[in-house]
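> The primary structure of each chain is shown beneath.
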Amino acid sequence: METSGSLGTRFQYSSDQSLLVYFDEQVEQKKTGGAGALPLQSRITLRANENVRRLLRLLELEPVPGVRNLHPAYCSLLIKFDAIGMRHQELEAILRKYLERLEEVRLPEPRHVEIPVCYGGEFGPDLAGVCARRGITQARAIELHASVEYVVYFLGFVPGFAYLGELPEELVMPRLAAPRKRVPAGSVGIAGNQTGVYPFATPGGWRLIGRSPLKMFRADSDRLSLLSIGDRVRFTPTSRERFAALESP
Amino acid sequence: MRVIEVLEPGLLTTVQDLGREGYGPLGVSPSGAADAVSLRTGNRLLGNAEGEAGLEMTLLGGTFAFPEGAVLALAGSDLGPTLEGKPVEMWTPFEAKSKQVLRFGPTRSGARCYLCVRGGIEVQFFLDSASTHILSGLGGHKGRALKKGDVLTIGLANRNEQKITGKNACSTGGAGTVCKRRLSARTLKELQPRKVLRVTPGPQSDWFSEAAKKIFQESTYRVAEESNRMGIRLQGATIPAPAGGEMISEGVSLGAVQVPEGGQPIILFVEQQTTGGYPKIANVISADFHSLGQLRPRDEIRFEQVDWDTARALLREQEKLLASGDLIWE
Numbered sequence: 000m001e002t003s004g005s006l007g008t009r010f011q012y013s014s015d016q017s018l019l020v021y022f023d024e025q026v027e028q029k030k031t032g033g034a035g036a037l038p039l040q041s042r043i044t045l046r047a048n049e050n051v052r053r054l055l056r057l058l059e060l061e062p063v064p065g066v067r068n069l070h071p072a073y074c075s076l077l078i079k080f081d082a083i084g085m086r087h088q089e090l091e092a093i094l095r096k097y098l099e100r101l102e103e104v105r106l107p108e109p110r111h112v113e114i115p116v117c118y119g120g121e122f123g124p125d126l127a128g129v130c131a132r133r134g135i136t137q138a139r140a141i142e143l144h145a146s147v148e149y150v151v152y153f154l155g156f157v158p159g160f161a162y163l164g165e166l167p168e169e170l171v172m173p174r175l176a177a178p179r180k181r182v183p184a185g186s187v188g189i190a191g192n193q194t195g196v197y198p199f200a201t202p203g204g205w206r207l208i209g210r211s212p213l214k215m216f217r218a219d220s221d222r223l224s225l226l227s228i229g230d231r232v233r234f235t236p237t238s239r240e241r242f243a244a245l246e247s248p
Numbered sequence: 000m001r002v003i004e005v006l007e008p009g010l011l012t013t014v015q016d017l018g019r020e021g022y023g024p025l026g027v028s029p030s031g032a033a034d035a036v037s038l039r040t041g042n043r044l045l046g047n048a049e050g051e052a053g054l055e056m057t058l059l060g061g062t063f064a065f066p067e068g069a070v071l072a073l074a075g076s077d078l079g080p081t082l083e084g085k086p087v088e089m090w091t092p093f094e095a096k097s098k099q100v101l102r103f104g105p106t107r108s109g110a111r112c113y114l115c116v117r118g119g120i121e122v123q124f125f126l127d128s129a130s131t132h133i134l135s136g137l138g139g140h141k142g143r144a145l146k147k148g149d150v151l152t153i154g155l156a157n158r159n160e161q162k163i164t165g166k167n168a169c170s171t172g173g174a175g176t177v178c179k180r181r182l183s184a185r186t187l188k189e190l191q192p193r194k195v196l197r198v199t200p201g202p203q204s205d206w207f208s209e210a211a212k213k214i215f216q217e218s219t220y221r222v223a224e225e226s227n228r229m230g231i232r233l234q235g236a237t238i239p240a241p242a243g244g245e246m247i248s249e250g251v252s253l254g255a256v257q258v259p260e261g262g263q264p265i266i267l268f269v270e271q272q273t274t275g276g277y278p279k280i281a282n283v284i285s286a287d288f289h290s291l292g293q294l295r296p297r298d299e300i301r302f303e304q305v306d307w308d309t310a311r312a313l314l315r316e317q318e319k320l321l322a323s324g325d326l327i328w329e
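Just so you know, the protein sequences line up as chains Y and E, in that order.
Going left to right, the first sequence walks through residues 0 to 248 as numbering that gives the first Met the number 0 numbers them.
Going left to right, the second sequence walks through residues 0 to 329 as numbering that gives the first Met the number 0 numbers them.
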């Protein structure tokens, strides 16, 4: 069921029709007082994520017959397959061959995308709280959030939701204890060392610090999602007037 | 052009087919019929391709008119269907004549009934599928549940018609012909939705203590009111959180049983988030997905662990049954 692999990879059955590939596994050796086995933990690193993107790219360029869907994440790739035609072990054997070739996979040149954000006020109802927790001014928090070029680690949760990292240390804090039932589309949130923009009005537990007028996911555009895995993103502070101008379709 | 007029939409009625697979890298989950077995069967009864789009009704059905008539079949749960006031049989095709009204009420069995129509329902495809993804407002009819006054286009019969030969063939073709196809009693019995859901271990099973796993395997859980196409929330014995600490978000499988901090499990369903950060103690087997689609709030369920080979054998068996000539007989 579980096997250790080459290149710091590990396979794990996820369901009867899916297999997880983890990269750069770090085995946590702390004892957990009899409560369960020692968890096998991965760690978020850019290198692990690049390997995820390489394997994803290879599987997109040279699809494996019977593979139906791919779900990349920080340091893992979930592969859904036709369980009638294929067994986990068979897929695993094919993937091992793919993994041996990861070094030769060239990732596309990252695109650089700027996302205007109107910070604070009703658009960023949690900004004041974030500043209070950290003892910094709103101007400083905005400056920090806009100071970094983020990497799109993957898209997940809902269509077009990009997980961006890493957030400057001073802004790192846990998600809200009670998630909101409805976060407006375009809301810019932070959670842990990640940040992201909600493409749709959905429930959400990230702390909201602003809002972008850009549509993150458009069914009527060829790209569909404004951001793709591996893109580089910068947030640019924007006035309310400019926000209104950009928002009009 | 034949159409369906929505006189009353019911509680939650959406256009669904078998979903859009392959867009995980964009964060798009497959969506599709919550009880795919029923949709596929309904389409087969009509001679449609089994993935044609139909209407998925939830708990309380709607009222529909067919100005130019239509050939229909109902599959899944019994929502008390009547045509012009007369009861309609499930699991067999029937004709609605011009201007006749088909009415549904509250469920008498499970959660969902599929209204399938010969020729299927035509909507603009979004990423290769007619399925509605309610949360993101994509796909289906205008990306949303049906409303009073909506008009849906019925596809052309024969377009994707399955070639059925032998005892299942119709004597004559054409949109108006009603074949006396019917689901065999054996099939109906075998496809009966289950309340004991079979599961395989989840990717974080080992994170949970033996005591936690015992609670999960031995307890009865109740389906919560807030359950929907994204997730089926369960209420019952609290499953102690693993001591391993926070996990990193990863891709999640359909039917994954995740355990958030509160210890009340959630089964990820057809409109699931594509990635998630809660540990998963188990995963419902593929052969039982259609049973998830028929769970109603307050239903009581249990879990039964099976091994990988059993899960696969059960799926093969189900697919064999769905593909067999014995599925439907005249």
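It is possible that part of the hints are untrue.
When the alpha-carbon atoms are kept at most 30 Å apart in a straight line, the in silico DSS-like pairs for lysine-lysine are as follows [what the hints assert, rightly or not]:
hint, chain 1, residue 1, chain 2, residue 2
1, Y, 180, E, 319
2, E, 141, Y, 214
3, Y, 180, E, 188
4, Y, 214, E, 319
5, E, 188, E, 319
Residues from chain E that face chain Y, not an exhaustive set, calculated with beta carbons under 7 Å [to be verified]:
hint, residue
6, 79
7, 82
8, 133
9, 247
10, 250
Partial selection, computed: residues in chain Y whose CB lies under 10 Å from chain E [what the hints assert, rightly or not]:
hint, residue
11, 124
12, 224
13, 242
14, 245
No lab work stands behind these hints: they were computed from the structure.
The beta-carbon is built from N, C-alpha and C at its ideal position, and this holds for glycine as well.
> Does each hint hold? Answer for all of them.
Hints versus structure:
1. For the hint linking residue 180 of chain Y to residue 319 of chain E, the alpha-carbon distance of about 42 Å lies beyond 30 Å, and the restraint is violated.
2. Between residue 141 of chain E and residue 214 of chain Y, the direct Cα distance comes to roughly 18 Å. Compliance with the 30 Å bound is thereby established for this hinted pair.
3. Between residue 180 of chain Y and residue 188 of chain E, the direct Cα distance comes to roughly 40 Å. Violation of the 30 Å bound is thereby established for this hinted pair.
4. Of the supplied pair hints, the one linking residue 214 of chain Y and residue 319 of chain E is violated, its CA atoms being roughly 45 Å apart against a limit of 30 Å.
5. Simply put, residue 188 of chain E and residue 319 of chain E have alpha-carbon atoms about 15 Å apart, close enough for the 30 Å limit, and the pair holds.
6. A cut of 7 Å between beta carbons decides the hint on residue 79 of chain E: the least distance to chain Y is about 33 Å, and the hint is violated.
7. With a cut of 7 Å, the hint placing residue 82 of chain E at the interface with chain Y is violated, because the nearest CB-to-CB distance is about 36 Å.
8. For residue 133 of chain E, the shortest C-beta to C-beta distance to chain Y is roughly 10 Å, which exceeds 7 Å, and the interface hint is violated.
9. Satisfaction of the interface hint for residue 247 of chain E is found here, the shortest Cβ-Cβ separation to chain Y being roughly 5 Å, below the 7 Å cut-off.
10. With its C-beta approaching chain Y no nearer than about 3 Å, residue 250 of chain E sits inside the 7 Å limit, and its interface hint holds.
11. Checking residue 124 of chain Y against chain E: minimum C-beta separation of about 22 Å lies over 10 Å; hint violated.
12. The beta carbon of residue 224 of chain Y comes within 5 Å of a beta carbon in chain E, closer than 10 Å, and the hint placing it at the interface holds.
13. For residue 242 of chain Y, the interface hint is violated, since its Cβ never comes within 10 Å of a Cβ in chain E; the closest pair sits about 22 Å apart.
14. Nearest Cβ of chain E to the Cβ of residue 245 of chain Y: about 21 Å, over the 10 Å cut. The hint is violated.
Going through the hint list in order, the structure does not satisfy hints 1, 3, 4, 6, 7, 8, 11, 13, 14.
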